[in-house]
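Build out the structure end to end from the sequences listed, making use of the hints.
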Amino acid sequence: GQSLEQPSEVTAVEGAIVQINCTYQTSGFYGLSWYQQHDGGAPTFLSYNALDGLEETGRFSSFLSRSDSYGYLLLQELQMKDSASYFCAVNDGAGANNLFFGTGTRLTVIP
Amino acid sequence: DGGITQSPKYLFRKEGQNVTLSCEQNLNHDAMYWYRQDPGQGLRLIYYSQIVNDFQKGDIAEGYSVSREKKESFPLTVTSAQKNPTAFYLCATWTGGTEAFFGQGTRLTVV
Numbered sequence: 192g193q194s195l196e197q198p199s200e201v202t203a204v205e206g207a208i209v210q211i212n213c214t215y216q217t218s219g220f221y222g223l224s225w226y227q228q229h230d231g232g233a234p235t236f237l238s239y240n241a242l243d244g245l246e247e248t249g250r251f252s253s254f255l256s257r258s259d260s261y262g263y264l265l266l267q268e269l270q271m272k273d274s275a276s277y278f279c280a281v282n283d284g285a286g287a288n289n290l291f292f293g294t295g296t297r298l299t300v301i302p
Numbered sequence: 220d221g222g223i224t225q226s227p228k229y230l231f232r233k234e235g236q237n238v239t240l241s242c243e244q245n246l247n248h249d250a251m252y253w254y255r256q257d258p259g260q261g262l263r264l265i266y267y268s269q270i271v272n273d274f275q276k277g278d279i280a281e282g283y284s285v286s287r288e289k290k291e292s293f294p295l296t297v298t299s300a301q302k303n304p305t306a307f308y309l310c311a312t313w314t315g316g317t318e319a320f321f322g323q324g325t326r327l328t329v330v
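Taken in order, these protein sequences are the chains called Z and S. Numbering (my numbering) for the first sequence: 192 to 302. Numbering (my numbering) for the second sequence: 220 to 330.
Derived from the structure by calculation, the hints contain no laboratory data. Some hints could be false.
Facing chain S, a subset of chain Z residues (Cβ under 10 angstroms, in silico) [said to hold, decoys possible]:
hint	residue
1	Leu195
2	Tyr226
3	Ala233
4	Phe236
5	Ser238
6	Ala241
7	Ala280
8	Asn282
9	Thr294
The structure presented is a predicted model; accordingly, all values stated were derived computationally and were not measured. Ideal Cβ placement from N, Cα and C applies to all residues, glycine included.
Shown next, in the form of structure tokens:
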């Protein structure tokens with residue numbers, strides 16, 4: 192079966208940098224994506240990696256190592272509004288039933 | 220604006236009652252999904268549909284039913300057979316590419 196592992200909780204200080212890791216075991220791999228979800232809200236797309244390396248989008252960056260089945264989301268210059276849950280998701284194939292989500296990491300930013 | 224609309228935002232169900240959650244999209248996407256999210260948990264797939272008049276069970280389909288009579292609409296019925304329906308329900312579309320799109324969710328509570 193498919194499995195994606197993330198830490199359940201992370202706490203960091205406002206203005207700091209935090210890294211949220213995701214390791215995956217899937218039958219195939221097309222790409223790794225990250226989503227942010229505030230309490231009671233919809234997940235919103237943050238980034239996507241199909242190839243090894245770092246993708247940067249403003250304060251957020253995402254990294255992928257396909258050989259290690261590992262990726263991470265890096266949040267810089269943390270702000271209080273970054274407190275949310277963050278999910279990694281793997282697209283493991285070309286069919287409609289090929290998007291799998293991790294269990295999520297709850298990030299709490301403290302002053 | 221293009222997007223996914225879920226209604227209602229909050230729904231209360233009595234024991235033994237069937238309720239239907241609405242999901243409408245104007246993104247012209249073929250594939251639509253229903254996820255269930257419990258507090259502090261990830262997204263679990265209930266049902267998905269790749270095309271009109273066709274749908275497939277996900278990981279936790281028992282106690283739920285769906286229909287896909289139109290491309291734009293994918294309603295979910297929570298039946299009385301679902302013994303623990305209190306949860307946050309998310310509808311999504313995904314084209315197999317980089318990003319999945321989510322509705323704002325319906326919070327269902329059994330009273």
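Structure-based check of all given hints:
| no. | hint | verdict |
| --- | --- | --- |
| 1 | Leu195 | 8 angstroms, holds |
| 2 | Tyr226 | 8 angstroms, holds |
| 3 | Ala233 | 4 angstroms, holds |
| 4 | Phe236 | 4 angstroms, holds |
| 5 | Ser238 | 9 angstroms, holds |
| 6 | Ala241 | 8 angstroms, holds |
| 7 | Ala280 | 7 angstroms, holds |
| 8 | Asn282 | 7 angstroms, holds |
| 9 | Thr294 | 4 angstroms, holds |
Hint compliance for this structure: every hint is met.
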